[in-house]
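Enquirer: Chain residues, written in single-letter form:
Protein chains: 4
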Amino acid sequence: LRSLKCRQSEYFDQQQRFASSTAPAADGSSSPSFSPSGGGTASPKVFVGHSIYKGKAALTVEPRAPEFTSLDSGAYKLSREGFVLLQFAPAAGTRVYDWSRKQVFSLSVTEIGNLIALGPRDSCEFFHDPFKGKSDEGKIRKVLKVEPLPDGSGHFFNLSVQNKLVNLDESIYIPVTKAEYTVLNSAFNFILPYLLGWHAYANSIKPNDRNRGNNANSRYGGDFEWSR
Amino acid sequence: LRSLKCRQSEYFDQQQRFASSTAPAADGSSSPSFSPSGGGTASPKVFVGHSIYKGKAALTVEPRAPEFTSLDSGAYKLSREGFVLLQFAPAAGTRVYDWSRKQVFSLSVTEIGNLIALGPRDSCEFFHDPFKGKSDEGKIRKVLKVEPLPDGSGHFFNLSVQNKLVNLDESIYIPVTKAEYTVLNSAFNFILPYLLGWHAYANSIKPNDRNRGNNANSRYGGDFEWSR
Amino acid sequence: LRSLKCRQSEYFDQQQRFASSTAPAADGSSSPSFSPSGGGTASPKVFVGHSIYKGKAALTVEPRAPEFTSLDSGAYKLSREGFVLLQFAPAAGTRVYDWSRKQVFSLSVTEIGNLIALGPRDSCEFFHDPFKGKSDEGKIRKVLKVEPLPDGSGHFFNLSVQNKLVNLDESIYIPVTKAEYTVLNSAFNFILPYLLGWHAYANSIKPNDRNRGNNANSRYGGDFEWSR
Amino acid sequence: LRSLKCRQSEYFDQQQRFASSTAPAADGSSSPSFSPSGGGTASPKVFVGHSIYKGKAALTVEPRAPEFTSLDSGAYKLSREGFVLLQFAPAAGTRVYDWSRKQVFSLSVTEIGNLIALGPRDSCEFFHDPFKGKSDEGKIRKVLKVEPLPDGSGHFFNLSVQNKLVNLDESIYIPVTKAEYTVLNSAFNFILPYLLGWHAYANSIKPNDRNRGNNANSRYGGDFEWSR
Numbered sequence: 201l202r203s204l205k206c207r208q209s210e211y212f213d214q215q216q217r218f219a220s221s222t223a224p225a226a227d228g229s230s231s232p233s234f235s236p237s238g239g240g241t242a243s244p245k246v247f248v249g250h251s252i253y254k255g256k257a258a259l260t261v262e263p264r265a266p267e268f269t270s271l272d273s274g275a276y277k278l279s280r281e282g283f284v285l286l287q288f289a290p291a292a293g294t295r296v297y298d299w300s301r302k303q304v305f306s307l308s309v310t311e312i313g314n315l316i317a318l319g320p321r322d323s324c325e326f327f328h329d330p331f332k333g334k335s336d337e338g339k340i341r342k343v344l345k346v347e348p349l350p351d352g353s354g355h356f357f358n359l360s361v362q363n364k365l366v367n368l369d370e371s372i373y374i375p376v377t378k379a380e381y382t383v384l385n386s387a388f389n390f391i392l393p394y395l396l397g398w399h400a401y402a403n404s405i406k407p408n409d410r411n412r413g414n415n416a417n418s419r420y421g422g423d424f425e426w427s428r
Numbered sequence: 201l202r203s204l205k206c207r208q209s210e211y212f213d214q215q216q217r218f219a220s221s222t223a224p225a226a227d228g229s230s231s232p233s234f235s236p237s238g239g240g241t242a243s244p245k246v247f248v249g250h251s252i253y254k255g256k257a258a259l260t261v262e263p264r265a266p267e268f269t270s271l272d273s274g275a276y277k278l279s280r281e282g283f284v285l286l287q288f289a290p291a292a293g294t295r296v297y298d299w300s301r302k303q304v305f306s307l308s309v310t311e312i313g314n315l316i317a318l319g320p321r322d323s324c325e326f327f328h329d330p331f332k333g334k335s336d337e338g339k340i341r342k343v344l345k346v347e348p349l350p351d352g353s354g355h356f357f358n359l360s361v362q363n364k365l366v367n368l369d370e371s372i373y374i375p376v377t378k379a380e381y382t383v384l385n386s387a388f389n390f391i392l393p394y395l396l397g398w399h400a401y402a403n404s405i406k407p408n409d410r411n412r413g414n415n416a417n418s419r420y421g422g423d424f425e426w427s428r
Numbered sequence: 201l202r203s204l205k206c207r208q209s210e211y212f213d214q215q216q217r218f219a220s221s222t223a224p225a226a227d228g229s230s231s232p233s234f235s236p237s238g239g240g241t242a243s244p245k246v247f248v249g250h251s252i253y254k255g256k257a258a259l260t261v262e263p264r265a266p267e268f269t270s271l272d273s274g275a276y277k278l279s280r281e282g283f284v285l286l287q288f289a290p291a292a293g294t295r296v297y298d299w300s301r302k303q304v305f306s307l308s309v310t311e312i313g314n315l316i317a318l319g320p321r322d323s324c325e326f327f328h329d330p331f332k333g334k335s336d337e338g339k340i341r342k343v344l345k346v347e348p349l350p351d352g353s354g355h356f357f358n359l360s361v362q363n364k365l366v367n368l369d370e371s372i373y374i375p376v377t378k379a380e381y382t383v384l385n386s387a388f389n390f391i392l393p394y395l396l397g398w399h400a401y402a403n404s405i406k407p408n409d410r411n412r413g414n415n416a417n418s419r420y421g422g423d424f425e426w427s428r
Numbered sequence: 201l202r203s204l205k206c207r208q209s210e211y212f213d214q215q216q217r218f219a220s221s222t223a224p225a226a227d228g229s230s231s232p233s234f235s236p237s238g239g240g241t242a243s244p245k246v247f248v249g250h251s252i253y254k255g256k257a258a259l260t261v262e263p264r265a266p267e268f269t270s271l272d273s274g275a276y277k278l279s280r281e282g283f284v285l286l287q288f289a290p291a292a293g294t295r296v297y298d299w300s301r302k303q304v305f306s307l308s309v310t311e312i313g314n315l316i317a318l319g320p321r322d323s324c325e326f327f328h329d330p331f332k333g334k335s336d337e338g339k340i341r342k343v344l345k346v347e348p349l350p351d352g353s354g355h356f357f358n359l360s361v362q363n364k365l366v367n368l369d370e371s372i373y374i375p376v377t378k379a380e381y382t383v384l385n386s387a388f389n390f391i392l393p394y395l396l397g398w399h400a401y402a403n404s405i406k407p408n409d410r411n412r413g414n415n416a417n418s419r420y421g422g423d424f425e426w427s428r
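Protein chains in written order, with the numbering used here: chain A, 201 to 428; chain B, 201 to 428; chain C, 201 to 428; chain D, 201 to 428.
Just so you know, the hints here were simulated from the structure itself, not pulled from any lab data.
Each hint should be verified, as a subset may be incorrect.
Note that the list lumps identical chains together, so a pair holds whenever it fits in one copy or between two copies.
Derived BS3-like pairs (lysine-lysine); straight-line CA-CA distance at most 27 angstroms [stated by the list, open to error]:
#1 Lys364 / Lys339
#2 Lys334 / Lys364
#3 Lys342 / Lys254
#4 Lys245 / Lys332
#5 Lys345 / Lys378
#6 Lys334 / Lys245
#7 Lys245 / Lys378
#8 Lys406 / Lys345
#9 Lys345 / Lys254
#10 Lys334 / Lys406
#11 Lys245 / Lys342
#12 Lys245 / Lys345
#13 Lys332 / Lys254
#14 Lys254 / Lys406
#15 Lys378 / Lys406
#16 Lys334 / Lys254
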């Protein structure tokens, strides 16, 4: 049994975004994000979540949108990739789940890549500290383990949360069958380009758009790959 | 030959949706669905179905949309996942099919996941009782079996329906080649995120949308994963 | 070396569509297609094709749209699935191709499924007679063979056309590398749901659409699967 | 260890586009592209890029749109396929990257196909000369190598640039884990049909479009495949 240890630090990710001496055009690291209280036309919100209900727990999986910032040119750039939120709720009785006791875990794009690539006999482990780099660092520790079921019929998802602030130590398990995992994978594969914001670029590709900057940097003209 | 038994009870699924003591935001279990007789602007309807015609039977595969409910906030939430409807018709002669004798079977999202994940040598079986939890429970029993063809060239789809109300006991078989199964899988993979309603969320992700609630719960601020 | 023989008769397919005694709602077999000379607003046409250029021949791959018919209700139904057109042109010199001598072959949805599912060591063969069921049946015979290259680095595409009407017997070969085949597969996988028309159904699924017929046939009400 | 050598010459690609004696309708080789300074309504630009940050280097991956030209008929045709731009920046300190020293490499559609199809133990090598066919041919030589990591946990991406014009000889390495590669593959698979322009054709397929030319060349009428 192979066990991939995939320790991932969001703090590290965050720092990296702000550390580049000269960010490339597509790296939205420098300008602040919009305040959500801003005006402007809003898309109607839609709440979607796919749930798996089992005897001892329920798991709800929900996408969370990436963020964009506007540039002086009127263009937009991706400033933060989206993610997928996992919500685990323990059962409070037969087919009753106590969502007030839910525990959450947000999967980054690369963690989603881990889950998509996970073979039927692979296991994986992610570590999160929501306060990493803050004064409360180490107060909360979350571990998500995804391990193959002994009979090969699927995987166990196990979220452990140690919260020293409220003296909590909890672990929620839920078995996910191969078919359920296939549905998750299909949803993850679908949503991943949206989490990266690539759909926004893709949707902007129109045959009758005369203002594409691409032409100016024609690849075949030679100087597009000649960056220095 | 491995035989996955995947007994799935829609009644159980339904109950679960209504049993949670405190449903998460994305679990549309509490408010009633719209009546179809309501007003409002409607999209033009489109009927699509992909058919496989064979000597003794035909099989038509059609997607069925998920349902949404509106919230007081003006937002929408998924209230019921979509599904795929299988329609089996026996042949009534050479290349003639008797659709008046058709039998139907609706595949849930997880059952679709089963079919997508089915290996060339795997088989699968689903059990449905349309009246499960109703007074007529047990009166109709449907079994869909998907089994590999002996020569490995595809799978048999076999729908058996026992209907005690009209004293019917029928079984319709249709062989599906590897190529035909590939087409079904491609269609299933395409439609699955729509059945989950994730396309509606994805389509609402726009670079110039200043009203996203995401920002308020910034993942990197630490309290997004700090649910209690 | 395994050789799948996948003889497919378009005439048979066509006949089937018109032979059903009672067609299901989604099977658009009964009403005639629109004449292309009709009025109405048209989408701007876009010609796309992906080409593979080799020493002795070039191959261009182009999608062709499905067709819909309108119903009295104002709804639309798919009346004919789309396909993918392969165009083979022989080289007329170094990097020069003679498109006036091109030969074409249209891949049905199921034939596309065959190509998508084709393993690196598999081969496949399709037979077409454009006049099947017409008075000129047998006058033109086309065979597309897709066979693995001896070194496993890709597949040969070979289109043979025998045309007794103009006393022609031609064969065009083009090697397609694994990478080129991957691009074709990606394009085929993308376009397949469009060829089935499923995108039109998918795009009509909107959270705020109050007129869906789905609700009336609620799956959980029991009578949706109770077709008789 | 198998090493696929996939030398690809953009100059050759370019020449081919202009060399056909009679181009097929979908091969947009003959008319010039729009000047980017033209008027007309423009889509809001969106900059997206997915970055991988490691100890010694960072890699940013960005899609670049295909180009279309307009025809006298008012239709559009693809004139140049899109590509994916890789940008490599060396680290200038801990979590600091020097984008002023970045090196770029643009992946063609077929090169993307190579990366998508790359097995966990496969390696691949691409050679580019931005001045191929120009007077400065041979002055700049770029090699992108993608090789499996010794422990099988992912691939090394290595871009070497030899620039005789400025007497530069640089090599940037970055390890890409299996999970990160999965994210790249998912993004590549998503964007590939857009790079081919097939999304523009797909989006033009509407049920209520009465002006499709498809009908005139009905596949079942026999003369669609009868090209001569």
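Enquirer: For each hint, tell me whether it holds in the structure or not.
Expert: Hints, verified against the model:
no.	hint	verdict
1	Lys364 / Lys339	within (5 angstroms within a copy, 55 angstroms between copies)
2	Lys334 / Lys364	within (15 angstroms within a copy, 48 angstroms between copies)
3	Lys342 / Lys254	both (22 angstroms within a copy, 24 angstroms between copies)
4	Lys245 / Lys332	neither (31 angstroms within a copy, 34 angstroms between copies)
5	Lys345 / Lys378	both (16 angstroms within a copy, 18 angstroms between copies)
6	Lys334 / Lys245	neither (32 angstroms within a copy, 35 angstroms between copies)
7	Lys245 / Lys378	neither (31 angstroms within a copy, 34 angstroms between copies)
8	Lys406 / Lys345	neither (43 angstroms within a copy, 33 angstroms between copies)
9	Lys345 / Lys254	both (17 angstroms within a copy, 24 angstroms between copies)
10	Lys334 / Lys406	neither (44 angstroms within a copy, 31 angstroms between copies)
11	Lys245 / Lys342	neither (29 angstroms within a copy, 38 angstroms between copies)
12	Lys245 / Lys345	neither (32 angstroms within a copy, 40 angstroms between copies)
13	Lys332 / Lys254	between (32 angstroms within a copy, 19 angstroms between copies)
14	Lys254 / Lys406	neither (46 angstroms within a copy, 30 angstroms between copies)
15	Lys378 / Lys406	neither (39 angstroms within a copy, 30 angstroms between copies)
16	Lys334 / Lys254	between (36 angstroms within a copy, 22 angstroms between copies)
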